[in-house]
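A.B. asks: With chain F held as given, fit chain L onto it using these hints.
Number of protein chains: 2
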Amino acid sequence: MLTEEKVKQSLDGVLVPGLGRSLLQLNLVRSVTIADNRLNVTLASAALSSAVQDWLKAKVSDVTKKLPGVKEAEISFVEVRPKELNQIGQVVAVVSGKGGVGKSLVASLIALSLARQGQQVGILDADITGPSIPRMFGISDRPTGSETGILPVLSRSGIEIMSINLLLPHEDDAVIWRGPLIAKSIQQFWEEVLWGRLDCLLVDLPPGTADAPLTVMQSLPLSGVVIAFTPQDLATMVVRKAVKMTQMMHIPILGVVENMSYLSLPDSEKRIEIFGPSKGEEMAQAAGAPLLGQFPLDPELARLCDQGDIESYNSDALAAFAEAVATAMAIPVKKGG
Amino acid sequence: MLTEEKVKQSLDGVLVPGLGRSLLQLNLVRSVTIADNRLNVTLASAALSSAVQDWLKAKVSDVTKKLPGVKEAEISFVEVRPKELNQIGQVVAVVSGKGGVGKSLVASLIALSLARQGQQVGILDADITGPSIPRMFGISDRPTGSETGILPVLSRSGIEIMSINLLLPHEDDAVIWRGPLIAKSIQQFWEEVLWGRLDCLLVDLPPGTADAPLTVMQSLPLSGVVIAFTPQDLATMVVRKAVKMTQMMHIPILGVVENMSYLSLPDSEKRIEIFGPSKGEEMAQAAGAPLLGQFPLDPELARLCDQGDIESYNSDALAAFAEAVATAMAIPVKKGG
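As given, the protein sequences belong to chains F and L, one line each in that order. The numbering of the first sequence is the numbering used here, which starts it at 26 and goes up by one. The numbering of the second sequence is the numbering used here, which starts it at 26 and goes up by one.
Next up, chain F with everything else stripped away, as it sits in the complex (with noise of 0.2 Å):
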């Protein structure tokens, strides 16, 4: 017999042109009901051209038709807001006092972990006047969109991208905006980004305390924050900063993680402290939080940034991080995911 929940699996199959995530993975089904053989299914518009809605419309009755039982398809879209439509599990900031410390880099290696455990994840790049999500995972798409909304682009291994550099015309624009813009823009990416269903959203939050941090600790319905830091005294002193911001703001500091932490010598098993001795068990105890991982400054891993291949790194150090990320975020860890 022909049921609501046959027609969806079938939806799930039906990719949206230019992101390559599902309908039901947006959760762009409003409705499916069935009555006499016929089928009437009410998807969502927002953030789809007319040219893609269009596009849908012929696809969607193709399949659907299929369906034993089904004589009449008919298909029609409803407006509907991205903020109405995007159902996000988990919303977690990775934040830094100081800037350099590789915040972004824990944030993509966050994402990896989990998109790598079949989670389904995003990263929506709140550093406006310095996004490096981008160039790290290898992106340069320009996002597609309607007037009701905009559509985040898709990486390599399947993780959800915004962020202001795929708008610019130039990757290296400049864009000298004061804080109220800022924020504002910010607030667009969390509510007019059709980011659909997605398990965890990482924000990747410029340096220091000052207007972008504070939006983002304000208005997003946070679930914690993953504070990034190096050894370096000064580092650690600037990290506090932040430490000190989310307590005040009632935020859970889900955990820490100390960058280049060490160099490894090529063909040696030395190892140089060139930002001074380890300060992850130092830093953990001032956030009250666990110490998720330790990274190495690693040759390999810088370039694998800057040619935009991050998605393909992998070490033992990751390994680790990605387990107590999954423990930090109470998600079960699925092996070989």
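Do not take every clue at face value.
With a straight-line Cα cutoff of 25 Å, these simulated BS3-like cross-link-like pairs (lysine-lysine) come out [claimed, not checked]:
| no. | chain 1 | residue 1 | chain 2 | residue 2 |
| --- | --- | --- | --- | --- |
| 1 | F | 91 | F | 33 |
| 2 | L | 90 | F | 209 |
| 3 | L | 82 | F | 269 |
| 4 | L | 31 | L | 82 |
| 5 | L | 91 | L | 33 |
| 6 | F | 295 | F | 209 |
| 7 | L | 209 | F | 209 |
| 8 | L | 209 | L | 295 |
| 9 | F | 108 | F | 33 |
| 10 | L | 84 | L | 31 |
| 11 | F | 96 | F | 84 |
| 12 | F | 295 | L | 84 |
In short, the hints are calculated from the structure, not lab data.
C.D. replies: This is chain L only, laid out in the frame that chain F set:
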């Protein structure tokens, strides 16, 4: 014969308590009149507490009465705002698009180079949410002041420093401010701090192209900017944004400085290019300005910065840098200064 010049010479020996720079250096001597062996000295009271004013009155009276030809000395104070007293030769901002590229380090090394060449130098730490200058110079003294202004703090080698961190109860307190407040505090550091007479004031900007850099570029009379970067592609992409911003604001770029160019291995001649091959020439070309220096990732320098002892730093790279900076700023190099 008693001349105004001789009186002023004697006042150059009177140091303002709590700062350690002379009345002349701070431009506090407003007028000196001599008539019938009676001397009148008018001093500006800007940023001086009443206790300091009393002390100076007595001290200046003592000193001038010892001059041949002075029978009576009357010392009075007049209220003048620091803004009207400050006489600053060049204002140079150090910028970067991305954080963590050693921007504060470059600002400090320029200041150090100029001071060693006998210049009077100050550093305005405009990185309000992530200040690192006081830590690098090992300064934690609280600045003193009055209702009309505030005195900077002097480093061991005589560099005037003002930073939000000197005004916070604890150095790791978070400054959770939106752009307008940050802009206001930078303007206060410019207008209400008694810098006095300086050859050069370095402004350490936060990363990015948002409120703080915009405020500095719009409201401070910048002679030019120096741009700091690391060889990582990602960093140079974001630095190009800073170059574009600077060009759009019609501010000359005095030069570019590469940090973390390479790591010199201890006990060997080998260099590791951790962040990839040098981008020095490429960035100099992009900025249309000379490459002023290339600094290695130096664990010894990182240690000195963490210990607040950056003023002890010496290296061949720094010596070459000092000459390049003097040339770029058209300053006569004093050998052994």
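A.B. asks: Each hint should be assessed against the structure and marked as holding or not.
C.D. replies: The hints, checked one at a time:
no.: 1; hint: F:91 - F:33; verdict: holds (13 Å)
no.: 2; hint: L:90 - F:209; verdict: violated (65 Å)
no.: 3; hint: L:82 - F:269; verdict: violated (45 Å)
no.: 4; hint: L:31 - L:82; verdict: holds (18 Å)
no.: 5; hint: L:91 - L:33; verdict: holds (13 Å)
no.: 6; hint: F:295 - F:209; verdict: violated (48 Å)
no.: 7; hint: L:209 - F:209; verdict: holds (21 Å)
no.: 8; hint: L:209 - L:295; verdict: violated (48 Å)
no.: 9; hint: F:108 - F:33; verdict: holds (22 Å)
no.: 10; hint: L:84 - L:31; verdict: holds (16 Å)
no.: 11; hint: F:96 - F:84; verdict: holds (16 Å)
no.: 12; hint: F:295 - L:84; verdict: violated (61 Å)
Comparing the model with each earlier hint shows violations of hints 2, 3, 6, 8, 12; every other hint is respected.
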